[in-house]
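Asker: The chain contents come next:
Protein chains: 2
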Amino acid sequence: MRYSQLFGKTSKTAPADADSVNAQLLTKGGFIAKQMAGVYNYLPLGLRVLTKIQNIIREEMNAIGGNEILMPALTLEESYKETGRDVVLADILFKSEGRDGSKMVLNPTCEEVITPLVKKFVFSHRDLPLAVYQIQNKFRNEPRAKSGLLRGREFNMKDLYSFHKDENDLNEYYEKAKQAYFNIYNRVGLGDITVLTYASGGAFSKYSHEFQTLTDIGEDTIYLCEKCKVAVNKEIIDEQKACPSCGNKKLIEQKAVEVGNIFKLRTKFSDAFSFYYADENGKQKIVEMGTYGIGPSRLMGALVEVFHDDKGIIWPEAVAPYQYHLLTIGKEAEAAKAGEKLYADLLKKDTEVLYDDRDASPGAKLADADLLGIPTRLVISKKTLEKNSVEVKKRNEKEAKLVALSVIASEAKQSQT
Amino acid sequence: MRYSQLFGKTSKTAPADADSVNAQLLTKGGFIAKQMAGVYNYLPLGLRVLTKIQNIIREEMNAIGGNEILMPALTLEESYKETGRDVVLADILFKSEGRDGSKMVLNPTCEEVITPLVKKFVFSHRDLPLAVYQIQNKFRNEPRAKSGLLRGREFNMKDLYSFHKDENDLNEYYEKAKQAYFNIYNRVGLGDITVLTYASGGAFSKYSHEFQTLTDIGEDTIYLCEKCKVAVNKEIIDEQKACPSCGNKKLIEQKAVEVGNIFKLRTKFSDAFSFYYADENGKQKIVEMGTYGIGPSRLMGALVEVFHDDKGIIWPEAVAPYQYHLLTIGKEAEAAKAGEKLYADLLKKDTEVLYDDRDASPGAKLADADLLGIPTRLVISKKTLEKNSVEVKKRNEKEAKLVALSVIASEAKQSQT
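Residue numbers (the working numbering), protein chains in the order written: chain A, 1 to 417; chain B, 1 to 417.
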């Protein structure tokens, strides 16, 4: 992609109301643009990152047997009355109304849609277990949308729902889903600093689990057990005074940001919608359910909070909008020509490359490369051309090296998408 | 994919309120499930079709320089007051409200979002022309949502917006977009029966254009000029009494379904948002705009209206959920074993295959294959195995042929996705 033709350029200043590192850097870099509090536009660079995160999540959900579907945003309010969540969630529901007077809700999650939907197709123990997910926008009428992509009023979410014949089967699948979540954090580069955190399971299950990434922005206080590398949230520590996994009482207070949660719903929603199946003996039994959420847009914000320096973003390769950021320095026609040639060679190799072809100062181009945070920067100048070379520098390293122009394209990474 | 593990099975009866062929067949086939009037869930098979249509559209938009972005559904109502569309569109706007009392609209199209957004980044003639698009759900508070996926209250839409320094540049791009639209209809198999139709251009342009597909369901009356293969809508024919392209006065009345529209907005929205650019001499000039819409979900409905028979859907290859529908007939272990082996071989070849591995009657399996409409059916039975063969039948042909088991996998089409 030629930077000159890319919609959404960098700006030197972040908007005054950008209250977090991710909002500042993503806005300055031209990844996102705020529509209103908690609602963002994704510009081409931002949409590329979001899509890569979604695809990693999609692959991991498919790997644990998830069937991808797409549910709507609009749902009749009466479905929420059946579960009582019209009251429980009243504060955060966006509502609307049809011309026929029908009352509607913009789904904040989709238990009220998926449970009756799956009930239409599941009748027997032979239809279970079943796992269904979607990647779609959700709506929450937050009183104070804040922290950029971390807490939105309209945000992207992957929600998986699993359906089981009994608690044992739910428990088994729950462990698989837990592992899939760790795979996701590992793949996007957050594995080392993301911990499983015990949280309240509500009335139906002893615990639910959050995945918390340790960062400076940390919105949540968690208590880390260094013995077994899990954490507990405030509610659990106040009640139990110890790690639920090993009993250790010396837990370390940390601030973290939640990047996912999984929850055994048990029969909360199958009860509400009378969702039964026929077991091996033809007896009607209630369906057990689990729910598993992760927000690709929130994860994008968390990644920027973790991976940045004072110059800009430092994207991990797996989610970077492009793998290479090519630019030329100097007014010499020779450099521009070599830049064009290398760009063409990289495209031929099916490489993800952003080519800064603007007539801008070296300082501006280099500063933008640091701000955008693409993993590998390639610089061509009169100096590098004297050695028939290109300067190669990783965004997360200090040192640059010279690589011969004749080999750079052949060594370049092919696009994975 | 094993049919036994696919979420969303066929049903023998369509819901009583399915008022169109597409709603009936897509529901019976387990492609979609109605949430409420004009609002649908996409089950795995339906989502695969929708995604294929979206990807074809995406490729054609990228080919004419479209930058893909993603705008939100929620927008402040005040943006609509600036253009007067809070009044013009009042009947079809879904509205909501934030907890802070802010009035919001669920976007029915995105001119009120894209114009101020692009204005943030475009200042000079050097930043033009620019084309930006998204593929995203839109909301219209239709009084009578009907005809399945053809007229929804929440529906999927690709909306492209183009920005130009003058009318000539807009006109040139408009012709390119027109061709891109024809490419899309050709690729999904509707090219031969989709005609460019002159419609009113409103106050700012003589004509806009619709793309109308000639089908039995035809919601719109159009007048076809057989000389130059374009059509005009009722408004234009009443005013002009002749084909605007060749002057021919003998036009043939037809019923058709609209599958896209393109429109020269000229300066309607740039005026409303004071969107100017500096020309070569530094003089401020108003930006010219075009808008180009196509609904992937509506197109999916139109495809079913066109491509079906009394047994079910007949998907064109380009949008089919899978390319091959494999099934075995008979209780012999031999047939099941050969089915499993062929399924494994096809997967190894990266082929899109749906394998009906259920223990169901031959009649049920064959009827489901016809209903689902996957282009190529592969049947293994005792009879075909006696000739070491598989029966190959195209959904849109009457005759089947025998193909040797040893060559079928090697001749199979690889997945394009």
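Worth flagging that the hints you see were computed from the coordinates, not collected in a lab.
Errors might be hidden in some of the hints.
One copy or any two copies: either way a pair holds, since identical chains are not told apart in the list.
[Stated by the list, open to error] In silico BS3-like cross-links for lysine-lysine, where the CA-CA straight-line distance does not exceed 25 Å:
| id | residue 1 | residue 2 |
| --- | --- | --- |
| 1 | K103 | K146 |
| 2 | K95 | K81 |
| 3 | K12 | K255 |
| 4 | K34 | K119 |
| 5 | K206 | K387 |
| 6 | K146 | K95 |
| 7 | K146 | K34 |
| 8 | K120 | K9 |
| 9 | K120 | K255 |
| 10 | K311 | K34 |
| 11 | K34 | K103 |
| 12 | K285 | K9 |
| 13 | K9 | K206 |
| 14 | K206 | K413 |
| 15 | K9 | K234 |
| 16 | K28 | K383 |
| 17 | K241 | K349 |
Just so you know, these numbers come straight off a predicted model, no measurement behind them.
Asker: Among the hints numbered above, which are violated by the structure, and what are their numbers in rising order?
Answerer: 3, 5, 9, 13, 14, 15, 16 and 17
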